[in-house]
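Asks: Letter by letter, the chains look like this.
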Amino acid sequence: MDHAPTTLIGDALNRVDGPAKVTGTAMYAGDYKIEGGISEGYIVEAPVGPGRITKLDVSAAENADGVIAVLTYRNAPAQKPYGTPEDEGRFTQSHAVLENDQVRHFGEPVALVVAETLEQARYAASLIEIEIEPGEGVYNPLEHRDQEEQPESVDGLSEVDTYEGDFDAEFAGSDFTVEASYFTGAQHSAAMEPHVTVAQWDGEKLTIHMAIQIIASAVSAFANTLGIDEENIRIISPFTGGGFGSKLGVHNEAILAALAAKHCGCAVRVAQTRRNVFANGPHRSRHLQELKLGAGKDGKLKAIRHYSLASMARNYPFAEAPASPTRASYSANAIHTIHRVVKADIPKVDSMRAPGEAIGTLTFETAIDELAEKCGIDPVEFRLINEPQADPTSGDDFASRRLVECIRTGAEKFGWSGRVKPGSRREGRKLIGHGMAVAIRPNTLSPASAEVSLTADGRLTARLDMTDIGTGSYTILTQIAAETLSIPADRITMELGDSSFPTTAGSGGSFGAASSGSALFDACNSLKSALGERLAQAGVTANAFTIKGEKIVAGDREIALADILDQDGLQAEGSVDPDNHGNGKAEYSYGVQFAEVEVDADTGELRVRRMVGVFDAGRILNRKTARSQLMGGMIFGIGGALLEESLVDDRYGSFMNRDFAEYHIAVNRDVPDLDVNMLDGYSKGSNPLGSKGIGELGICGAGPAIANAVYEATGVRVRKFPIHLEDVLDQLPAL
Amino acid sequence: MKPFEYDRLENSHDLSAVANGRYLGGGTNLIDLMKHQIETPDVLVDVTRAGMDTIEQRDGAVLVGSQVSNTDLAAHPLIRKHYSVLSTALLSGATQQLRNKATTGGNFLQRTRCQYFYDTKRACNKRQPGSGCDAMNGLNRFHAILGESENCIAVHPSDMAVAMAALDAVVLTRKPDGSERRIPAADLHRLPGDRPDLDHVLEQGELIVGVELPEKPPKLQAYRKVRDRSSYAFAVVSAAVALDVEDGQMRNVRIGLGGVAHKPWRASKAEAALEGKAPDTALFMQAMREEMADATGHGHNDFKITLAPRVVVSMLKQLTGLGEN
Chain L
41 MDHAPTTLIG DALNRVDGPA KVTGTAMYAG DYKIEGGISE GYIVEAPVGP GRITKLDVSA
101 AENADGVIAV LTYRNAPAQK PYGTPEDEGR FTQSHAVLEN DQVRHFGEPV ALVVAETLEQ
161 ARYAASLIEI EIEPGEGVYN PLEHRDQEEQ PESVDGLSEV DTYEGDFDAE FAGSDFTVEA
221 SYFTGAQHSA AMEPHVTVAQ WDGEKLTIHM AIQIIASAVS AFANTLGIDE ENIRIISPFT
281 GGGFGSKLGV HNEAILAALA AKHCGCAVRV AQTRRNVFAN GPHRSRHLQE LKLGAGKDGK
341 LKAIRHYSLA SMARNYPFAE APASPTRASY SANAIHTIHR VVKADIPKVD SMRAPGEAIG
401 TLTFETAIDE LAEKCGIDPV EFRLINEPQA DPTSGDDFAS RRLVECIRTG AEKFGWSGRV
461 KPGSRREGRK LIGHGMAVAI RPNTLSPASA EVSLTADGRL TARLDMTDIG TGSYTILTQI
521 AAETLSIPAD RITMELGDSS FPTTAGSGGS FGAASSGSAL FDACNSLKSA LGERLAQAGV
581 TANAFTIKGE KIVAGDREIA LADILDQDGL QAEGSVDPDN HGNGKAEYSY GVQFAEVEVD
641 ADTGELRVRR MVGVFDAGRI LNRKTARSQL MGGMIFGIGG ALLEESLVDD RYGSFMNRDF
701 AEYHIAVNRD VPDLDVNMLD GYSKGSNPLG SKGIGELGIC GAGPAIANAV YEATGVRVRK
761 FPIHLEDVLD QLPAL
Chain Y
1269 MKPFEYDRLE NSHDLSAVAN GRYLGGGTNL IDLMKHQIET PDVLVDVTRA GMDTIEQRDG
1329 AVLVGSQVSN TDLAAHPLIR KHYSVLSTAL LSGATQQLRN KATTGGNFLQ RTRCQYFYDT
1389 KRACNKRQPG SGCDAMNGLN RFHAILGESE NCIAVHPSDM AVAMAALDAV VLTRKPDGSE
1449 RRIPAADLHR LPGDRPDLDH VLEQGELIVG VELPEKPPKL QAYRKVRDRS SYAFAVVSAA
1509 VALDVEDGQM RNVRIGLGGV AHKPWRASKA EAALEGKAPD TALFMQAMRE EMADATGHGH
1569 NDFKITLAPR VVVSMLKQLT GLGEN
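Sequences listed follow chains L and Y, in order. Following this note's numbering, the numbering of the first sequence begins with 41 at its first residue and continues without gaps. Following this note's numbering, the numbering of the second sequence begins with 1269 at its first residue and continues without gaps.
Keep in mind that the hints were calculated from the coordinates and are not lab data. Watch out, some of these pointers could steer you wrong.
Said to hold, decoys possible - Once the Cα atoms are required to be at most 25 Å apart in a straight line, the calculated PhoX-like pairs of lysine-lysine come out as: (1) Y/1349 / Y/1270; (2) Y/1585 / L/470; (3) L/414 / L/332; (4) L/760 / L/332; (5) L/95 / Y/1270; (6) L/302 / L/461; (7) L/302 / L/245; (8) Y/1349 / Y/1303; (9) L/95 / Y/1389.
When you get a sec, could you build the whole thing from the sequences and use the hints?
Replies: So this is what it looks like as structure tokens:
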């Protein structure tokens, strides 16, 4: 071999953008520099909401050092009404801010101070005098159950409610039942990079540098908010510092930056502070979930009813679907799933990593654990008994389902030896518990397109508006191109995150890699065909060829690329259309999670000791980045079970723990030993690559495995999350 | 952040020029609070280059300069050998990066983490006297169960100060007029009463120059911090326990509690109940129940009344060989 083997899909290729990121040359939105400088905007938040602004005195701020302008509803450039057009989705409709004297919720911007420096803007913001006449607010859905309603749609599912079978009869006829209410707290994605946007106008042209997950819908959002043509908007976002759903759409700082840049006639950056993010970024709603399960003596599930109640931010149509996993996990005679919301005067509620499954498996899989125990059946065995042959709700065949293999592999790797009497496993001062749960997450494909260009110097450039939110988009796309065209990875330039590039679905819903990857795969195959034709024209017939340096090697022939390419190289386009894939089959990624926890027998402190996850995500595109994604998901699961909660003061409808000291994300010490395993596979029919979504799968089932382990350690079934030490304190052994 | 003047103190022995300034040490808390305009000093007086940065032994006692970093203090051989409770407490606080910057004097003077103190849009008597206390009927899981007042239920967040209180450390101060004070660490902070805006007894311009750790501290020492997250989290409840066991009897029993009061709380009732007695689990629990006799919960923090005794009893058992690690 006189050259390195071609990089293949699945290889553990190091991140191609890694050196740029660790040396600080990767250009994140907030890092962007413009000749002539960028003015800084600082958000002034409403102290309460809903309400009406009765006093807004900005004179002192306007006269403060360095202040260029103070934007309020009185002088902000015109916008389309918030939430219009109503028939558009939440990502593309108007996200107007500073619209009028009405305040929707606490923390909503009531002014933006623009100054030469951030410090000047921040200080001037403190000089603004605001008075708000408070209105009647709805904050906590549990206090307004009379207002619960069926949402028009729920996230990720075609039906809001499903009623398969006669639940009442099956539940009544069950030998063992579980009936319980669960509460999960509000959460924030809390990405490391707060939301940030730099806006600059050139006549009618608006250029935006922003942290965003999906570029195309953001373009529409700016157009619909500002009433301008999409052609006049360019969004550039080559790197985004974490999203977890919180950057799927545009948020207040983005619109404020565009308004301020227009008003001031200069480039303006608005970076949300960490505290801003908790009110001006989206969050996962608090949920009440009620579960009723029934099984026969043989452990076969007869009846499942999963009801969920959440907050929906008023005029922002998003409802999470925690009963999503319930529809597809197990076979049962009757499965009823119901989603309800109460419209509330709170900051935006939106997708947070694994919307539905993260908190849906948390409750459903702990209820299943409880039912298995009542049946006297090991929880691993219980799940095997109830394995369905077809999708339990739709009746569709599964595209691919290797859950049983995941469970068996996981049990062996973990050393699952069956349940012990709760509280009976002890090491010194620590009570030890084991638990397991199943992971499931719908797998989807979205429309996407890509273009590639090969030049005579043997370099391939690919362009698509796909984003990289830390997941490894640059790397897996490089691998797809490298394998398809047999070209070394280091000869490939992947250009992402620009609205002038072909449109993709961006990063979200675990569909990013499959969608943009399939489009690129198609583009590369087109280029390969075109290259083959050029070779044939040059008298070379070859079934396979590789690109090596500035030459094409086909069998024993070597042809200079310059001899067969046009002066500007050879270009091709590609796309993927979801309608051509799936074949009406039920598409999910699967997994299993096993957890060992320790509970301090004296103080009740809860810590995870080790976890084993085994996942079926079809074909793995990069073993290293996939492992990182799954591991990150499992860590999210630790957070959901034990740590993360955005605390609401229901008197004001405001979040109170708005920084990283108080909003607890797992730190290294909370994450001792995670064993991440992936089944080798290929999900035929799912998409041209045979992959399945992986970005959210790792969270699913992680939380309930921990909760079930806490039960085994302490004998306490905690039905509110995150679980805290005081939830088990009274049941601990006497000292 | 409100614009301010910045001065640097060159010599900690001459404070005569310091009038209305706030002293700046590592700034890990004060600068944050200034950004939020919870603290709005007109003048900052940087004391990080004014000496006060040594640890030395004098007449058996150990003198710690107020500008010694938390990292250096925790790692010092004398501290690790004779005052391990202090070393452990320091290492359980914050993060390595913060400990590198945070100073001994500054650690005492960090302010409460009450979320209503931090949120300038909510009522807080500590931040804005007379505005009310939104924590009282609000989110108060982290709040005080001992010594609180109707005006304030905030807790002091320091780990170090709890260990200092248990060690009977003495805080050494100097005033602008040149006079000096020796304040027992346990008396440095106040209970809120009707002036929750005052965290401590220091006067304007009074500088902590150091801390004196008395000679012959109790031999058995431990610090335990109960927290939700295993690092970078403030204590739900913490305890510093130090004692000797001589001829089967407990002597010099010192118990400091963190996360339960507006100040590091010396459990003096429990200490008295244990002094001179033989170690015994039931006695430990009885002593701590006595200490908690006046404790009040405010809803979310009720469990601390159960938790605090369990923490101390667990530690006493371990230190006296009655319990497990």
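Asks: Against each hint, give a clear statement of whether it holds in the structure.
Replies: Checked hints:
1. Y/1349 / Y/1270: Since the Cα atoms of residue 1349 of chain Y and residue 1270 of chain Y sit roughly 44 Å apart, the hinted pair is violated (cutoff 25 Å).
2. Y/1585 / L/470: holds, 15 Å
3. L/414 / L/332: holds, 14 Å
4. L/760 / L/332: holds, 16 Å
5. L/95 / Y/1270: Measuring from Cα to Cα gives roughly 23 Å; hence the hint holds.
6. L/302 / L/461: Outside the cut-off at roughly 67 Å; violated.
7. L/302 / L/245: holds, 10 Å
8. Y/1349 / Y/1303: The given pair, whose Cα atoms are some 39 Å apart, is violated under the 25 Å limit.
9. L/95 / Y/1389: holds, 16 Å
Figure legend: structure checked against the earlier numbered hints; hints not met, in rising order: 1, 6 and 8.
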